[in-house]
Amino acid sequence: AQTVTQSQPEMSVQEAETVTLSCTYDTSESDYYLFWYKQPPSRQMILVIRQEAYKQQNATENRFSVNFQKAAKSFSLKISDSQLGDAAMYFCAYRSEVRHGQNFVFGPGTRLSVLP
Amino acid sequence: DVKVTQSSRYLVKRTGEKVFLECVQDMDHENMFWYRQDPGLGLRLIYFSYDVKMKEKGDIPEGYSVSREKKERFSLILESASTNQTSMYLCASTPERVGYEQYFGPGTRLTVT
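For the record, the sequence lines run as chains A and B.
So the first sequence is numbered by the numbering used here: it starts at 2 and just counts up by one.
So the second sequence is numbered by the numbering used here: it starts at 74 and just counts up by one.
Same shape as in the complex, but just chain A (with noise of 0.2 Å):
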């Protein structure tokens, strides 16, 4: 079965820098989708930013990208000029080719401090 691994559970910035959270992820698939979720506090979960593994190109979105490892099974998430609005729980998301099944797999998350 498929993990992800997020190892910082917290993070701060300070406001128009730029912070990198980490996520890996284990697999024995070749074809696979992950994605970046954002959690602002007490809002709805919306994607940020999602990566086809069979692409080589590092995914960008605005001040969003990622930073796609394949061998390493990594994929971070780097956002650049941060903003206040920043501030939310991430997470980082497996999605297997799999049609049916439990095809989705979450990681822990990382909550982000934007510090003005």
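The reader is advised that the hints may include incorrect statements.
[Unchecked claim] Covered by chain B, according to a simulated footprint, are these stretches of chain A (three or more residues, beta-carbon under 8 Å): (1) 48-55; (2) 91-99; (3) 108-117.
Bear in mind the hints are in silico, worked out from the structure with no lab data behind them.
Please read all numbers here as calculations on a predicted model, not as lab measurements.
In this text, a Cβ means the ideal position worked out from N, Cα and C, and glycines have one as well.
Guided by the hints, dock chain B onto chain A, whose structure is given.
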């Protein structure tokens, strides 16, 4: 935009009560999920459904049941609520096509006293 709604944001129930949590999605997604979210444990899958009347157990199904009579609606049932079921409950949906992310509801914070 995809919308996933949950019947309540906050719910307080007594031990032994039967509790219904409702989830509705408006994007014709085949798959729907119920998760429980606890600090330090991330999201743990309770049940999921990949079609009407189809369901499969997740990692922590004990004490819960589900119902999916219509494609857009997925209900989580606590037959006899207990204090250890106090938690945040998240519903999610996703299309059957591979590669898509899950879309989440706002969550229901359930307190069992």
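Exercise. Taking a Cβ-Cβ distance under 8 Å as contact, does the segment 91-99 of chain A have three or more residues in contact with chain B?
Worked result: Held - the segment 91-99 of chain A has 4 residues with a Cβ nearer than 8 Å to chain B, which meets the minimum of three.
Exercise. Counting residues of the segment 108-117 of chain A that have a beta-carbon nearer than 8 Å to any beta-carbon of chain B, does the count reach 3?
Worked result: Coverage by chain B holds for the segment 108-117 of chain A (3 residues, Cβ < 8 Å).
Exercise. Counting residues of the segment 48-55 of chain A with a beta carbon closer than 8 Å to any beta carbon of chain B, are there 3 or more?
Worked result: n = 3 at 8 Å, threshold three: holds.
Every hint from the earlier list agrees with this structure, and none is contradicted.
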